[in-house]
Amino acid sequence: MRTITFLLQKEFRQIRRNKTILPIIFVLPIIQLLILVHATTFEIKNVNLCIVDMDMSNTSQQLINKLEGSKFFEITSTTFSYNEAEKQLANNNADMLVYIPQNFARNLIKQKTATVQFIPNAINSNFATLAFSYASNVVMNFNKSITVDWAAHISPQPIKQIETKARYWYNPELNYKWYMYPGIMVILISMIGIFLTGLNLVREKEIGTSEQLNVTPIKKYQFIISKLLPFLIIGLFELILATVLGKIVYGVPLLGNIWVLVGFTFIYLLVVLGIGLFISTLAETQQQMMFIAFFVVIVFLLLSGIFTPTESMPVWVQKFNLINPLSYFMKVIRMIMLKGASFKNLINEFISLSIYAVAILGLAIFRYRKTA
Amino acid sequence: MIKINQISKNYETVKALKNVSFTVDENELFGLIGSDGAGKTTLFRILTTLLLSNEGSATLNNINVKNDYKKVREIIGYMPGKFSLYQDLSVEENLNFFASVFNTTIEENYDLIADIYKQIEPFKTRIAGKLSGGMKQKLALSCALIHKPKILILDEPTTGVDAVSRMEFWQMLKRLQTKGITILVSTPYMDEAEMCDRVALIQNGEILSIDTPKGITNSFPYKLHAISADNKYQLIKDLRNHDNARTVFPFGNSVHFTTANNNLNEEELYNYLMTNNHTNISIIETTPNIEDCFMELMKPSRG
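Those protein sequence lines, which keep their order, are chains A and B. Quick note: the first sequence uses this note's numbering, first residue 11, plus one each step. Quick note: the second sequence uses this note's numbering, first residue 1077, plus one each step.
Source of the hints: derived by calculation from the structure; they are not laboratory data. Wrong hints could be hidden among the right ones.
Okay, the calculated beta carbon distance ranges per label pair [unchecked claim]:
id, chain 1, residue 1, chain 2, residue 2, range
1, A, PHE301, B, ILE1151, 22 to 28 Å
2, A, GLY218, B, GLY1328, 33 to 39 Å
3, A, LEU44, B, LYS1226, 54 to 60 Å
4, B, THR1181, A, ARG27, 20 to 26 Å
5, B, LYS1308, A, MET300, 49 to 55 Å
6, B, LYS1146, A, LEU265, 48 to 54 Å
7, A, GLY218, B, LEU1128, 18 to 24 Å
8, B, PHE1325, A, ILE308, 55 to 61 Å
9, A, VAL259, B, LEU1128, 52 to 58 Å
10, B, ASN1143, A, ARG27, 21 to 27 Å
11, A, LEU44, B, ILE1151, 27 to 33 Å
12, A, GLY218, B, SER1295, 27 to 33 Å
13, B, PRO1198, A, ILE250, 41 to 47 Å
14, B, PRO1198, A, ARG27, 20 to 26 Å
Some, not all, of what chain B presents toward chain A, calculated at C-beta under 7 Å [stated by the list, open to error]:
id, residue
15, PHE1098
16, THR1124
17, LEU1126
Simulated pairs of lysine-lysine, DSBU-like, Cα-Cα distance not exceeding 30 Å [what the hints assert, rightly or not]:
id, chain 1, residue 1, chain 2, residue 2
18, B, LYS1299, A, LYS380
19, A, LYS20, B, LYS1226
20, B, LYS1158, A, LYS380
21, B, LYS1255, B, LYS1299
Just so it is clear, the structure is predicted and the values come from calculations on it, not from any experiment. Glycine included, each C-beta is placed from N, C-alpha and C at the ideal position.
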């Protein structure tokens, strides 16, 4: 125990003295949480429209006003040439073309039907789908309003309509930031666990100090504890920091029990520390460590369901996610924070992560004892 | 006391050590002399329990390095060839750290390290990474001594250190010896062999010879001459072409020369060199040193 105290003292002294790592521990979470949340949001705003109004009627003008009135669209150009409009799209000056053909109003009255064409730039298919669905919504509303208008001319009784109203549970304002914020927290905690631990361990190997320690009576388990514990503490500290920051800046709620969150983070940190330790036994230099860790983290992260729910991913990805610790924690942290899930709701994840922690730490320590 | 018995170590296909055996007596200053890649570090890593040998055994103060490695670690001080203390901790913090992992304090064993540590004490708050080479080496030695080891194992402690610091370092080792510590030290510098009680010459993982420095030089079987002239390069070439030449090695400002029949006719050689247009020729019979002996011993393996 005395030895571990001395080892820990040494670790914290080195971390405190490290002019690169120390700022990263404090600045990285703030930057990641405050900036990345905006960058990863899927809400689209300010879709630039190029309007080609060949009809120039009252009705077409009404439709254009409706589009302009929507907070999603901004009309950046109007033209009467379809070719010119296409150019705008090609130059990225416009995100979507709105083509209103000649006789739009006349067809609407005489044939009771008319067409309007939307052409979104679909390089980002997600963006295009959303822009188009926003636009269709506007058109539907417009449709309804003209029907009601005309009907009013015929009969004084207003037409009865079925209206669907959606109430969104757990995230009533469909605030994408609330969804992303816990995801970014997962990235943060994983980075601390895998990168900092691994690099710290490999550095001792690279400089040769681990060999010097090997000729002292320090036991391997004491050394490993002294290497993992500081980052476990830092990881938990970052969790608290991030939770508070999210509440203050974005109002991200913490509906669940804080101790359930801390408990899960603790187990998850054991998993990522184990991964960091394991990778460090594969690497001889910090450069190798960096590359292997980067590869592992990117794969785990993109498959973890940080952007899209894993249920909509191919079956093999869902199978893969059984060994992806990020995907468990991603799910758990969102459920605790946004849905107020209790420990009972998460018992399966708890068992999985615990088994994972024991397995990966066991494997890493076994390998570490053999290689160092 | 260190006993090494028939130790062999293979790295895949390379045989790093072949049946190495020798004994270092209690309180002896023993030198292991050999060029780079001879197997010195491999042997030291086996003795310090960092590496397992494929064959053979070794004991330090009668403790087996394989079976009782934990006990061995308590009685040895090891200073690896590469400076491997914490570069981001200060001199004092490094020393304190190594003292505490051995369950001791600087004060407790201060007398042992005093005359080494005093030289770096003025810089005790400086971080180790910012020390000069000589000071780093003194710090490393202090750290290796802080737990009062009975056996000190030093791997090329003087490599990359200036001549004055090297001399100082050997004097420090001599003083440590008077305190009853058994010291095993390796070096690629043959002139340092003279400072040891006994030396072992190692080449390609094999021990070539073990003796006192005097014993090794006395066993040199040939008459040795130091020959010098103005154009040293041409001198070496011409000596090699001489009919009676056996070995020709440059040494300092002169060339060390032995003859095939071990009977040098100085006048004949002088004239031979004169006819080859050498100037300022001097031929003196000289006593062999460790390096001559080492070159001699290495000869068969070089073919």
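Comparing the hints with the structure gives:
At about 41 Å, the CB distance of PHE301/A to ILE1151/B disagrees with the hint of 22 to 28 Å. Taken as a hint, the range 33 to 39 Å holds for the pair GLY218/A and GLY1328/B, whose Cβ atoms sit roughly 35 Å apart. Checked against the hint of 54 to 60 Å, the pair LEU44/A and LYS1226/B passes, with Cβ atoms roughly 59 Å apart. Distance hint for THR1181/B and ARG27/A: a CB-CB separation of about 23 Å, consistent with the stated range 20 to 26 Å.
For the pair LYS1308/B and MET300/A, the beta carbons lie near 51 Å from each other, so the given range of 49 to 55 Å is met. Checked against the hint of 48 to 54 Å, the pair LYS1146/B and LEU265/A passes, with Cβ atoms roughly 52 Å apart. Judged by the Cβ atoms, the range 18 to 24 Å given for GLY218/A and LEU1128/B holds: they are separated by roughly 19 Å. Between PHE1325/B and ILE308/A the C-beta distance comes to about 59 Å, which sits within the given range of 55 to 61 Å.
Roughly 56 Å separates the CB atoms of VAL259/A and LEU1128/B, a value that falls within the hinted 52 to 58 Å. Taken as a hint, the range 21 to 27 Å is violated for the pair ASN1143/B and ARG27/A, whose Cβ atoms sit roughly 40 Å apart. Distance hint check: the CB atoms of LEU44/A and ILE1151/B are about 56 Å apart, inconsistent with the given range 27 to 33 Å. The hinted range of 27 to 33 Å is not satisfied by GLY218/A and SER1295/B, whose Cβ atoms lie roughly 38 Å apart.
Between PRO1198/B and ILE250/A the C-beta distance comes to about 44 Å, which sits within the given range of 41 to 47 Å. In this structure the supplied range 20 to 26 Å holds for PRO1198/B paired with ARG27/A, their Cβ-Cβ distance being about 21 Å. Given the 7 Å rule on beta carbons, the hint for PHE1098/B is violated: about 21 Å separates it from the nearest Cβ of chain A. Annotation: interface hint on THR1124/B holds; nearest CB of chain A at approximately 5 Å, less than 7 Å.
For LEU1126/B, the interface hint holds, the least distance from its beta-carbon to any beta-carbon of chain A being 6 Å, beneath 7 Å. Under the criterion of a C-alpha separation no larger than 30 Å, the hint pairing LYS1299/B with LYS380/A is inconsistent with the structure, at around 54 Å. The hinted pair formed by LYS20/A and LYS1226/B meets the criterion: a straight-line CA distance of about 27 Å does not exceed 30 Å. Only pairs whose Cα atoms come within 30 Å are accepted, and LYS1158/B paired with LYS380/A is accepted, the gap being roughly 23 Å.
A threshold of 30 Å between alpha carbons decides the hint, and for LYS1255/B with LYS1299/B the separation of about 40 Å lies outside it, so the pair is violated.
Figure legend: structure checked against the earlier numbered hints; hints not met, in rising order: 1, 10, 11, 12, 15, 18 and 21.
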